[in-house]
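Peer 1: Protein chains in written order, with my numbering: chain A, 1464 to 1974; chain B, 21 to 369; chain C, 116 to 479; chain D, 87 to 407.
Be careful, since some hints might not be right.
Stated by the list, open to error - Covered stretches of chain A (chain B as the covering partner; in silico rule of three or more C-beta atoms under 8 Å from a C-beta of chain B):
#: 1; stretch: 1537–1550
#: 2; stretch: 1566–1577
Said to hold, decoys possible - List of simulated lysine-lysine pairs, PhoX-like, C-alpha gap at most 20 Å:
#: 3; chain 1: D; residue 1: K317; chain 2: D; residue 2: K334
#: 4; chain 1: D; residue 1: K317; chain 2: D; residue 2: K292
#: 5; chain 1: D; residue 1: K334; chain 2: D; residue 2: K315
#: 6; chain 1: D; residue 1: K263; chain 2: D; residue 2: K292
#: 7; chain 1: B; residue 1: K251; chain 2: A; residue 2: K1552
#: 8; chain 1: D; residue 1: K276; chain 2: D; residue 2: K256
#: 9; chain 1: A; residue 1: K1814; chain 2: C; residue 2: K399
#: 10; chain 1: A; residue 1: K1814; chain 2: C; residue 2: K342
#: 11; chain 1: D; residue 1: K256; chain 2: D; residue 2: K292
#: 12; chain 1: B; residue 1: K158; chain 2: C; residue 2: K399
#: 13; chain 1: C; residue 1: K399; chain 2: A; residue 2: K1793
#: 14; chain 1: D; residue 1: K317; chain 2: D; residue 2: K220
#: 15; chain 1: D; residue 1: K339; chain 2: D; residue 2: K317
#: 16; chain 1: C; residue 1: K333; chain 2: A; residue 2: K1814
#: 17; chain 1: D; residue 1: K263; chain 2: D; residue 2: K317
#: 18; chain 1: D; residue 1: K212; chain 2: D; residue 2: K249
#: 19; chain 1: D; residue 1: K399; chain 2: D; residue 2: K315
#: 20; chain 1: D; residue 1: K315; chain 2: D; residue 2: K339
As the list claims (entries may be wrong) - To give a feel for the contact side, a few chain A residues facing chain B, derived at Cβ under 8 Å:
#: 21; residue: Y1560
#: 22; residue: Q1580
#: 23; residue: L1587
#: 24; residue: I1588
I should point out that these hints are in silico values taken from the structure, not numbers from a laboratory. Backbone N, C-alpha and C fix where the C-beta goes; we use that ideal spot for every residue, glycine too.
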Amino acid sequence: MTLDQAPATDARGPFALSLQGAAKTFGPVIALADGTVQLAAGEIHALVGENGAGKSTLVKILAGLYHPDAGEFLVDGEAVAFRSVADSKAAGISVIYQEPTLFPDLTVAENIFIGRQPKGRAGLISRTAMRRQARELFATLGVPIDPDRVAEGLSIADQQIIEIAKAISLDARVLIMDEPTAALSGIEVERLFAVARSLRDRGAAILFISHRFDEVFALCDRITVMRDGRYIATHETSGATVEQIVREMVGRDIATLFPKEDADIGDVVLSVVGLGRAGVFSDIDFDVRSGEIVALSGLVGAGRTEVARAVFGIDAYDRGTVTLLGSRLKPRDPQAAINAGIGFVPEDRRKQGLVMDLTVARNTALTLRNSLARFGIISGAREREASEKWSNLLQVKAGYQDLPVSTLSGGNQQKVVLAKWLATEPKLLIVDEPTRGIDVGTKSAVHKLLSDLAGRGIAILMISSELPEVLGMADRVLVMHEGRITARLDRADATPEAVMHAATASMEGAL
Amino acid sequence: MTTTVQPTGSGTPTPAASEKRNIIGSVMHLRELPVILALVALVLVTWAINPLFLSPQGVKDMLLNATIVMILAVGQAIVIITRNVDLSVGSILGLVAFGTGTLFVSFPGIPIVAVFILGMVFGALLGAVNGLLVTLAKVPALVITLGTLYIYRGLNNAWAGGTQYFADDRPEAFGNLSVDTVLGFPLITLMAVFVVVIVAIFMAGARSGRDLYAIGSDPDAARVFGIPVTKRVLLAFVANGVLAGLAGVLYTSRFNSVGATTGTGLELDVVAAAVVGGVAIFGGSGSVVGAAFGALLLTTITGALTAVRVDKFWQQAIVGVLILASIVIDRIASVRTARRLRVSEARDV
Amino acid sequence: MSETVTAPPPTGTISALAPKKRSRAARLLLGRDAIMIYALLVFVLYACISIPRFASPVTVGFLLLDVIPVLLIAMPMTLVIITGEIDLSVASIAGLTSALMGVLWQAGLDMPLVLAISVAAGVVAGAFNGFLIAVVGLPSLAVTIGTLALFRGLALVVIGDNAVANFPPDLTAFFTSKIGGTGIPTVMIGVLIVMVFFGVLLHFTPFGRGLYALGYSKEAARFVGIKVARSKFWLYVATGSVSALAGVYWTLRYSSARSDNASGLELAVIAAVLLGGVSIFGGKGSIPGVIAGVLLIGTINYALRLGRVSDVVLIIVTGTLLILSVVTPSIFASVRRWQHDRQVRNSLPQVTTSGSTRAEHPAH
Amino acid sequence: AGGGSDSGSTSGSGGGGDQTITFIPKQLNNPYTDVVLGGGEEGAKAAGFASSQVVGPLDASASSQVSFINAETQAGTNVIVIAANDPDAVCSSLEEARTGGAKIVAFDSDTNPDCRDVFISQVVAKDVALIQTKLISEQIGGSGEIAILSATANATNQNEWIKFMEEDLKANYPDIKLVATVYGDDDDTKSFQEAQGLLQAHPNLKGIISPTTVGIAATARYLSTSDYKGKVALTGLGLPNEMRPFVKDDTVKAFALWDPAQLGYVAAFAGKALADGTITGEVGDKFDAGDLGEKEVTDGGIVIVGPPTTFTKDNIDDYDF
Ligand SMILES: Nc1ncnc2c1ncn2[C@@H]1O[C@H](COP(=O)(O)OP(=O)(O)OP(=O)(O)O)[C@@H](O)[C@H]1O
Ligand SMILES: Nc1ncnc2c1ncn2[C@@H]1O[C@H](COP(=O)(O)OP(=O)(O)OP(=O)(O)O)[C@@H](O)[C@H]1O
Ligand SMILES: [Mg+2]
Ligand SMILES: [Mg+2]
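Could you put together the complete structure from these sequences and hints?
Peer 2: Laid out in structure tokens, this is it:
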């Protein structure tokens, strides 16, 4: 059913990089069974596949981080076996990993140049030169990041941008980007694309991984599809359609991507009045009603996550009130928020959403630990029972219950996070980038789920950097810019233009 | 999505302005600043009360007392910066000190330089054992070095038994290293200062030195990034071993006897010195210069309290308060930096 | 919500190599704690056979009397280390308690009052640690190195170089008395209560569940409503209190209140806890494992002394055990990984073949 | 510790040839202790013990000896010879050992008198104190400030001597003023730094008494490497082998000590007599102490070994311990 014929390769000469039949297992898990991808110089090549298809694993093999159990790996036609990341770097391969890997204590500039800092007098590192070069890089990317600040406390988006700066500054022959745009919003994505294209034009080979098809089709020359750890097909972008790719990825048709159904909008569940925190956000007023999905949109760094954290009680706020179902929430007390009926799916599942060393069961039951206890004592059986119920509902594989969450793929991990919050049966669910790094199949399942939850009268506050998701899911869109709400749009008024307008600060868009 | 939007880069600080801010800022926000100020204040106050404190002999004693802990603290700082720790330094010092004594007794007339080299090589070996266990088996340094703290001490006991070597067993010239002074500075203190400077330049100006900071800041990221983590961490432990070895040799020069218990219980003092000097206990930040000042401050405080005749029962409590104060000060400084960052970013965006 | 879109096929894992799933019972019997307990049993058996006079109730008594302080303090220490923190000041708190007992008793206070004030001092000392670590947010390793010096210093301030020994003989005799002919010290009853308390707290309560999450990631813990600061604060109060109890025990068992009592005990406690399988990075460990670890060191210690083997050997053995306990699993893991890799290479020939027969992807 | 070792104890002076003796010093691996124990082992052999053992802690803390006593109790040792780190901390376990039939001989540093049978003392405590005050007075010319640098703050023997010194100074040396007593914990480094602190805190200090071998050697090392050499007098109790260089370079003019080996030697014989039942530790009991002749138990269950010797440049080379 798939086009198994790769495009003619003779036109491209020997591939800059070619991996065939790579396999990698972790204990019982076969992460990759037949990893195959061939990159030619001067092309941007997309790698797509569902969560857990093995994309990141393949990337890590190319990077020299994992040693494949089987397979053939050629660089410029020569067989290679990387023993470490240093080897792949030496071969001119530069990688942006799915999860940012910055050094929090080092300055931004040093993060970019670590290991190859420019040298000055007496062979010692020249900080001035390093700072200057970092500024030049940021100018290319058009982002205002102070090269002298430490990386600690940067938003995920800024971290991702630094990763990108780091990778392109290497001037590598092969650039591999594993979901670099997951945390970015429109403008940054555009800039990244411009940079990627110019690198391609200079003859670099680029491997680009994303779950967003608009990006894949806008940027890439060829697309390789993977499923269940196996190579499926490679297409010229010009000759492929989204439907075809999706069918190959999931092995079946997908009806709709954003099935938000109209629900009865009821009473106000969450009411935020005059919320402010010096230097981060101010004058935040909004309501969320039962059955309603309210999206917080805006550019990265607009302060959306910070508002949500303050509402949930993770962070403090200086001014304003948060009211849930008529009673005021105690500031800085997440347990009170949970008790009152709020659930929060955070944006960084690795550090905030999950306890990676604990099993799926323990993770899922973590939010329930108080209600599961009888006379202060928790029984393991009740814990598993509760966990199984909710993870089955979200189709987390049953056999995973006793495995550490760290062994699951990103998408399955996100399902566990959702399961643990749904288990609390919340009145208000805050979801911060709920589909970040999630494949289409799971993504539409998540959207359906959110829509269902709204239908059952749950109020949902959704933060998302994906405009189609915002427009498709939200009953109302609040747009933030520099810590303020600059527009409140109803579903009908929420056009891409209106949202982008407000997000980029032209105050005319505000009400 | 539109491509015509103006870059938001207009808020980027101009290079010149930020350069100026950097110079003043870097002095004001030097992690070492609190410990240096505390040291100056302590010395001045003590001197005002007891002028003998800054007599040539007083200064000499103050510096000599600090020398050995200073070298150990510098070594410890290197290891702590990589997010490890070496609790076995006291035991390494003990073994090397006894080894030094043995060398002089077994090979009368052995050149002093050779003793220094052998001592440092011995220290390097012991440090390498720590480093290899930590890096190859990938287990936490605190556990490994707590283990080698016991093992090395046991070996020292087994080797030395009741034997002790005394100042008399060593050549006059060797002992004089810790007696003679140049411009009021004892020779071994000058050696220590030299070591601090060399290590400081390495840590700040060499790529592999910066790698150590990166590793301590996030070891996983360092591995993913392709920094040779194993090699660098091993290097840190070996460097610490070399310095502990040097300290062991100098200990033998300065003190009367070396035996089975030499250097017992030093480990926590050394870690405390590094912490007081602003080295973050979880790695990634701090400097060896700070650690050296931390050592100087901690050793001086004991001498200062004696000099002003503070009841000796209070001394240890005061040292404790001092350690806590330095941690609190460090935290206040970093909270203020973070707040400043948050506010200035909000303006810049 | 089960329409066409919602059933993605099981992703990622292909169970070509059937995952060797152990039953829960097997996992318990082969876990880290179980291994510690086996090691303890094997050693006890060995000592009984090969060391004359070891197998006797007298051994039980003397051995337990020796390990009680470590056993006591190891309980809350386990919880503290599971949250990723550490407390180095425990021995100093015990010393401070001891010094206070001496001074207060000397001053003529009633024994119950002396005990109450001394234990209260431990609680306050623990709360002080807790305040600095949990509320102010300072690193615990650094803070407790500071309070290690501070509390020991206060003990010196309190009692100076005096020693108080004239505690009521009835009381001191009680602390070394045994339950009938079993050889088990009477105070073990109290110790057992402490052990059960911390065991249940860690393994069967919501609070205990939270501690593991806390040890993995503070952020993750806060998102599920765990009060990070409060939990840590109370853990330090607990270590302070239990250390104070250990100080009381020390004073009355040796009938000697001095400022240097229990000095150096902190490293022994931490060594035992780590040997018991608690991860120094937090998030892993259990009370049964720690108890086995403490008893293993204690038994080896006692057996060696009975065999008149020098303490030199003992400290080398302790150090080696500690290192082995963390290095061995890591060696096993890499051997297993190596075996597995080999097995996989053998079982996946078709992949390599398919790779090379894929003529459509000429790479040369 | 069985009866299989009869062959080695034929010279036993009556009683069971399978008696065992164990020495528990303050701390193992200490040079002074090693000399004492050397005498003890020799004495044990001469007195006819089937076997003699040395066990003990590596650190000199108060409670560290208890588990060694317990192990000896369980091993059924007949005689336990102990130098107590703390007079009271070891008491209850010694009581238990006695209940189990062991005889307890304290030596070097006494336990609480209730918990032992006899105490073998170097010399009359007062004599030790007086000889040191006399030496310091001679060296500083009879007047000025002096200080004491002792071992641990709880050391029984040192504290007793210090008490006598204070009394003697008050009574017989009105012009000498004792300005400080500090403790070096029998640790070389600590003693060294305490000595240094003393000199800085007391600019007019003329002399230091250090009634402990570790302390006097460390202080001598500090003085000999500082400006104070020759200006500040030092005396106390030291081992001739350790002090030789400092006597020769004039840092120290004179110091005192008894022969430590005799202490262990007599302790072994006292233990034998107790175990055989020839003495009970009553005042007036007499027992044979091998080469050292007959010894008598005096007031408080104390056996005095011998007078202290004063070491100077002239006689120090005659001694080797
Ligand atoms: N270290 C590991 N240990 C065990 N299993 C792993 C490990 N890393 C990945 N896996 C498993 O391998 C499979 C492939 O994971 P991988 O991260 O490569 O997927 P992916 O295609 O990048 O997915 P996503 O789109 O969610 O990022 C998943 O089933 C995952 O659970
Ligand atoms: N932990 C932190 N410490 C300091 N500053 C932070 C921290 N997290 C975010 N910021 C800053 O606060 C501002 C708002 O960031 P926030 O993450 O809330 O934005 P956002 O709109 O949620 O963006 P996104 O979620 O897409 O990353 C940014 O300037 C960001 O750099
Ligand atoms: Mg991935
Ligand atoms: Mg966000």
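Peer 1: For every hint, state whether the structure bears it out.
Peer 2: Evaluation of the provided hints:
no.: 1; hint: 1537–1550; verdict: holds (count 3)
no.: 2; hint: 1566–1577; verdict: holds (count 6)
no.: 3; hint: D:K317 - D:K334; verdict: holds, 16 Å
no.: 4; hint: D:K317 - D:K292; verdict: holds, 7 Å
no.: 5; hint: D:K334 - D:K315; verdict: holds, 13 Å
no.: 6; hint: D:K263 - D:K292; verdict: holds, 10 Å
no.: 7; hint: B:K251 - A:K1552; verdict: holds, 17 Å
no.: 8; hint: D:K276 - D:K256; verdict: violated, 29 Å
no.: 9; hint: A:K1814 - C:K399; verdict: holds, 17 Å
no.: 10; hint: A:K1814 - C:K342; verdict: holds, 17 Å
no.: 11; hint: D:K256 - D:K292; verdict: holds, 17 Å
no.: 12; hint: B:K158 - C:K399; verdict: holds, 16 Å
no.: 13; hint: C:K399 - A:K1793; verdict: violated, 32 Å
no.: 14; hint: D:K317 - D:K220; verdict: holds, 18 Å
no.: 15; hint: D:K339 - D:K317; verdict: holds, 12 Å
no.: 16; hint: C:K333 - A:K1814; verdict: holds, 8 Å
no.: 17; hint: D:K263 - D:K317; verdict: holds, 17 Å
no.: 18; hint: D:K212 - D:K249; verdict: holds, 9 Å
no.: 19; hint: D:K399 - D:K315; verdict: holds, 17 Å
no.: 20; hint: D:K315 - D:K339; verdict: holds, 12 Å
no.: 21; hint: Y1560; verdict: holds, 6 Å
no.: 22; hint: Q1580; verdict: holds, 6 Å
no.: 23; hint: L1587; verdict: holds, 3 Å
no.: 24; hint: I1588; verdict: holds, 5 Å
Consistency note: the structure conflicts with the earlier hints numbered 8 and 13.
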